[in-house]
Amino acid sequence: MVNQVRIAIENAELGYRGASSETGVLSEVNLELREGEFVAAVGLNGAGKSTLLKTLCGILAPLKGRVLIHNKNILEFSALEIAKTIAIVLSGKIEGFNLSCFDLVAAGQMPYTNSFHQLKDEHLRKIEEALMQTELGPHRHKSLHELSDGLFQKALIAKALAQQSPVMLLDEPSAYLDYASKHRLFALLKELAEKQGKCILVSTHDLDLVQRYCRKVIVLANGTCEMLRIEETANNPGFRQIGGKFL
Amino acid sequence: MKRTYLIIFALLVLLFFAACLCSLFFGGSSALDTGTESGRFILYQIRIPKTLTAILSGASLSTAGLLLQVLFRNPLAGPYALGISSGASLMVALCMLALQGSALAVLSFAGRSVLILAALTGSVLVTTLLLLVSKRVNSSILLLLVGLMIAQICGALLGTMEYFADPSNLKAFVIWGLGSLSGTSTSDLPVFGTLVCLLLLSLLALLKPLNALLLGDDYAQNLGFHTPRIRFMIILVSSGLTGICTAFCGPIAFVGISIPILSRLVFKTSRQEIHLLASALMGSSLLLIADAVTHHVVQGSTLPVNVITTLIGAPLVLYTLFRTKQW
Numbered sequence: 001m002v003n004q005v006r007i008a009i010e011n012a013e014l015g016y017r018g019a020s021s022e023t024g025v026l027s028e029v030n031l032e033l034r035e036g037e038f039v040a041a042v043g044l045n046g047a048g049k050s051t052l053l054k055t056l057c058g059i060l061a062p063l064k065g066r067v068l069i070h071n072k073n074i075l076e077f078s079a080l081e082i083a084k085t086i087a088i089v090l091s092g093k094i095e096g097f098n099l100s101c102f103d104l105v106a107a108g109q110m111p112y113t114n115s116f117h118q119l120k121d122e123h124l125r126k127i128e129e130a131l132m133q134t135e136l137g138p139h140r141h142k143s144l145h146e147l148s149d150g151l152f153q154k155a156l157i158a159k160a161l162a163q164q165s166p167v168m169l170l171d172e173p174s175a176y177l178d179y180a181s182k183h184r185l186f187a188l189l190k191e192l193a194e195k196q197g198k199c200i201l202v203s204t205h206d207l208d209l210v211q212r213y214c215r216k217v218i219v220l221a222n223g224t225c226e227m228l229r230i231e232e233t234a235n236n237p238g239f240r241q242i243g244g245k246f247l
Numbered sequence: 248m249k250r251t252y253l254i255i256f257a258l259l260v261l262l263f264f265a266a267c268l269c270s271l272f273f274g275g276s277s278a279l280d281t282g283t284e285s286g287r288f289i290l291y292q293i294r295i296p297k298t299l300t301a302i303l304s305g306a307s308l309s310t311a312g313l314l315l316q317v318l319f320r321n322p323l324a325g326p327y328a329l330g331i332s333s334g335a336s337l338m339v340a341l342c343m344l345a346l347q348g349s350a351l352a353v354l355s356f357a358g359r360s361v362l363i364l365a366a367l368t369g370s371v372l373v374t375t376l377l378l379l380v381s382k383r384v385n386s387s388i389l390l391l392l393v394g395l396m397i398a399q400i401c402g403a404l405l406g407t408m409e410y411f412a413d414p415s416n417l418k419a420f421v422i423w424g425l426g427s428l429s430g431t432s433t434s435d436l437p438v439f440g441t442l443v444c445l446l447l448l449s450l451l452a453l454l455k456p457l458n459a460l461l462l463g464d465d466y467a468q469n470l471g472f473h474t475p476r477i478r479f480m481i482i483l484v485s486s487g488l489t490g491i492c493t494a495f496c497g498p499i500a501f502v503g504i505s506i507p508i509l510s511r512l513v514f515k516t517s518r519q520e521i522h523l524l525a526s527a528l529m530g531s532s533l534l535l536i537a538d539a540v541t542h543h544v545v546q547g548s549t550l551p552v553n554v555i556t557t558l559i560g561a562p563l564v565l566y567t568l569f570r571t572k573q574w
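One line per chain: the protein sequences are A and B, in this order.
Just so you know, our numbering puts 24 at position 24 of the first sequence, and the rest follows in order with no gaps.
Just so you know, our numbering puts 282 at position 35 of the second sequence, and the rest follows in order with no gaps.
Just chain A, with the same shape it has in the complex (with noise of 0.2 Å):
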């Protein structure tokens, strides 16, 4: 059975739209990720990765070329309906405000409730659902400070669980785990992937998890980027110009 196409990326060229002059990241980008996939990104740093993912989310509009889910161009969605479809876990902190591990995961129930964001029946049931999930039952009354590295990535993949999209964009999720919550992170994600049919796409750093877990890679080198399978790596010049010697 063909998959259904979920999200794709037509003769792009991304990056960013200043006042005065345009700067582009990535050009000549072609990309297609589909439902049940575990995609990883991988590239050095300043390739474009994070350029790459809030593009692909609707959050920087491509320099040229479209976006498209169901084939239809992501300028023709509302932030409402993108939110129910595409989920996003940015790397860097979310603290204070008294915000605890259920409030974050309980965000990503926004795009379903009311106008007051009243958390009725069936949207607890999906909160908790993305708890269990995540394995955060017992950290879900910690404040976000309170919570480790680890916790905290969980807590933001339960809040993209609880927005019940189909697509799911990771920006560096691995970054600052140690090598055991790493290892349990891509699992998971592996698991949702599989089990869920969930599209997840991951930028990451970690060549050895990337080769571990995921099927498909798309290496960003030289200024554009490529869609491979895990076994046409070992012999990619991006693929072994991102790992240098060490691969």
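Accuracy of the hints is not assured; some may be wrong.
Below, computed lysine-lysine pairings styled on DSS-like, alpha-carbon distance capped at 30 Å [as the list claims (entries may be wrong)]:
hint	chain 1	residue 1	chain 2	residue 2
1	A	64	B	418
2	B	418	A	84
3	A	93	B	382
Sample of chain A residues facing chain B (criterion: CB under 7 Å; computed from the structure) [what the hints assert, rightly or not]:
hint	residue
4	79
5	116
6	118
FYI, nobody ran anything at the bench for these hints, they're computed from the structure.
The beta carbon of each residue, even a glycine, is placed where N, CA and C say it ideally should be.
Given the structure of chain A, go ahead and fit chain B onto it with the hints provided.
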């Protein structure tokens, strides 16, 4: 959980009414005697307008502070600390100076409208400037320093204007510049009250986006909100509240920054609707009490209300600064 909040809210409402009575009956140098003609005059023409002014400005400044803290995602943001009140004051002072000797009296309705517009312009300008700065440097300390510098610059310009001000207007000018609750007359109150109530009501539409903004701009966008539009709305409402309040009372210190901090210490929740309500109640109460206190510290004279609000607010700000991990 919910029940403790209800109890605390009930206590806050009690405190608020107690503070109202306190301001009405002890908010002057002499005891109030409603039995006499002059006592009734004092009550209706001086005390009640002042009490209402304290309620309105306390509520608007503390909710403005809360909005700014969410907007900048910084517990140390506030209309006074960031120089927004100063920007508004400077514009008002400019207008006062321009209106001096012109046909348009400062206290007339048209004159007041011009002053309110000027204050709004000043506060929107400063907030927008700060937002541009905060996009470039993401540091609480730097943002505060920039705010402090803006306040200093406005202060210096204000001082210069005072130097050149017409001597007959100088005293009113200086008193207004120190922040005062007694400058509003009965004729100002309907305008003041309507504007503040409208702005506070418009917050109902911003509750959910405010809660989403706690996670950051990008997350809010990804949760289905048009972030630039929301930021614009928050700037407009918070500057509006600050500007209007400054037009009537001058710059009032530390209410906007300390009350939301206090609210987060009392209510351990991230729900901004609770903090908005609590801030409005606590802000009004604080100003009412501060106003009553000003009359009784030094026998026979009245301290500026900012002395009291600063003495209460500044330690809270310091406290937050030193435990930034947990705000």
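- So which of the earlier hints does this model not fit? 1, 2 and 6
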